[in-house]
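If you're matching them up, the sequences are chains A and B in order. Quick note: the first sequence uses my numbering, first residue 1, plus one each step. Quick note: the second sequence uses my numbering, first residue 390, plus one each step.
You may find that some hints are simply not true.
To be verified - Some chain A residues close to chain B (C-beta under 8 Å, calculated; not the full set): (1) Val-14; (2) His-184; (3) Arg-297; (4) Glu-301; (5) Val-366; (6) Ser-370; (7) Glu-387.
FYI, nobody ran anything at the bench for these hints, they're computed from the structure. Glycine is no exception: its CB is placed at the ideal position from the N, C-alpha and C atoms.
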Amino acid sequence: MSRNPADHLLTPGVHYLQGAQACAEGAILAGCRVYAGYPITPATEIMEHAAHRLPQVGGRFIQMEDEISSASVLLGASWAGVKAMTATSSPGFSLMQEVISFAIMTETPLVIVDVQRPGPGQGYITTSQEDVMQARWGHHGEGSIIALSPASVQDMFDFTVEAFNLAERWRTPVLLMAEETVAHMRERLVVPPLADIRIVNRITPQDLGIAPESYLPYGHAQVPPMAIWGQGYAINHVSLVHHADGNVTRYSPKVHFENVARIHHKIEDNVDEIARLDARWLEGCRHLLICYGSVARTGIEAALEAREQRNIPLGFIRLKTLWPFPESQLRARVPDLDTVFVPEMNLGMMKHPITEALRDRCRRVVSIPSLGGLHSPELILSRIYEELA
Amino acid sequence: MTRHPRFEIRIAGFGGQGVVTIGKILGTAFSIHGGRNSVNTQSYGPESRGGACRSEVVVSDGEINYPYVRKADVLVALSQLALDTYVDDLKDGGILVIDPQAIKSVPAPERFRLYPVPTLAIAHETGDVKYQNTVVLGALYAFIADLIRESDLLETLRESVPPATVDGNLAAFEKGKNFVRSTFVLEK
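Generate the whole structure from the sequences, applying the supplied hints.
Okay, structure coming up:
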């Protein structure tokens, strides 16, 4: 891994790294300078790499006493104006849900990486996609969220940069829903010239010429400009239902609805801008294979083989964003279909919003589950051939 | 988009033999110095010593979709359990390298090109059993010399080991390579 000796940032060019390392390096290049974490297999490599690299680039690393406090550090760092991240695995992800809920209500940008492993409980230490529903619904209360699904070492870099950009743009926690597969594999990573990496920073009241006397901490726009502590702006940083000026004492159902509905719509109304998916072979397809995360690697292999060896008119879609769910993009792009196959490293989770989205556009949705291990091409193909026989 | 030919190498043994490191060095040599596409993965049990451990490298000149071995071209087995677990995933006519000290029985050996290489004994000769994995690397190189430049592998090896052990590792690599070249007639 070669670094520029002047600033210790990764040199542009080809590197060969684990997904975990690529994720931490993407965070650094996105401007992350605070990492607070707690070790857990199979996410620990992200923490270890961050511990090693953050001091080198003028950032701060701290190992906290648990996952709850790790996530909490990100709140304080973010309000102090610094981009912050932590990484955990599924049992730790459960512990962070309260902080995620708090961050949604206070509209605090931060990035949490969940390197998923099987559950429930301690489950096992291999790979999984069992937290993808928890990503959307695990925090108590309303409020939407953004969750991305990387499928390669390059994605672990690119999507981490994007996660920070989305967090800053939409003032929200963003989840990188990785899996052990992609965190532990080593592949080529191509780092572009640093000037070519698009970085987004939160809009502050100063950027909009709003003086402290006229500042409304939760007002001015669907995504309010975010003040930074210590710069003269007063912010009531509390996760109770609030007015635009931060007041929490003059409750009314109207204010309640306005507050929470805005936070919900802030993400959900902008799904077409936020959510991304990749599609291949849609024209003239009869059936569709929809994958996300590392299962997409197997899925493409299986789709190529099914099309080449058995002439099955099978289209392929890879969800790069899990939440907000790209329902209208999906509906807009697919023809009427017979069978939609959804292989997941769980017993069928994203199959639900997929079924809802394509309810009147396909005959049936077929789940192809695998627990604890990545689907082999044979597993996906045997199920496709069996169902279409 | 089409599928590209892949060459698949799997090394398996028990935890502590340095299996994971071999895969990492191979993958890095292929992709950084060799300029090719490769994916290196590994799996291991929760134990830090013992247990089952495997490392694999898939190499291609095109995109690699499925990141794991489907049907290995080469299997290196350093324990009986590793062989028993992974022999069915080795293609017929594939290269099977075993350490005869650890492996007493090979199922259907006529299906493969079988090469017993006493990697542990050779490591003992170098003075430190910790060099066993580098002996394996040297032996492996002898079988895949048309896929990778020796200089790429040696440069990666140098970069991947503690500086004080560079000479010992290079010697172990040579011993592994020379054992194979002097013992077997290798088909092209």
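Have a go at the A/Ser-370 hint: is there a Cβ in chain B nearer than 8 Å to its own Cβ?
violated (13 Å)
Tell me if A/Glu-387 is really an interface residue toward chain B, meaning its C-beta lies closer than 8 Å to one of theirs.
With a minimum Cβ separation of about 21 Å from chain B (threshold 8 Å), the hint on A/Glu-387 is violated.
Tell me if A/Arg-297 is really an interface residue toward chain B, meaning its C-beta lies closer than 8 Å to one of theirs.
Holds. Min distance 5 Å.
Is the interface hint satisfied for A/His-184? The criterion is a beta-carbon contact with chain B at less than 8 Å.
Holds, about 7 Å.
Hint check: is the beta carbon of A/Glu-301 less than 8 Å from a beta carbon of chain B?
A/Glu-301 check passes; min Cβ-Cβ to chain B is 4 Å, inside 8 Å.
Is the interface hint satisfied for A/Val-366? The criterion is a beta-carbon contact with chain B at less than 8 Å.
Constraint on A/Val-366 not satisfied, violated at 20 Å.
Interface hint outcome for A/Val-14 [beta carbon to chain B under 8 Å]:
holds (7 Å)
In this structure, the earlier hints numbered 5, 6 and 7 are contradicted, and the remaining ones agree with it.
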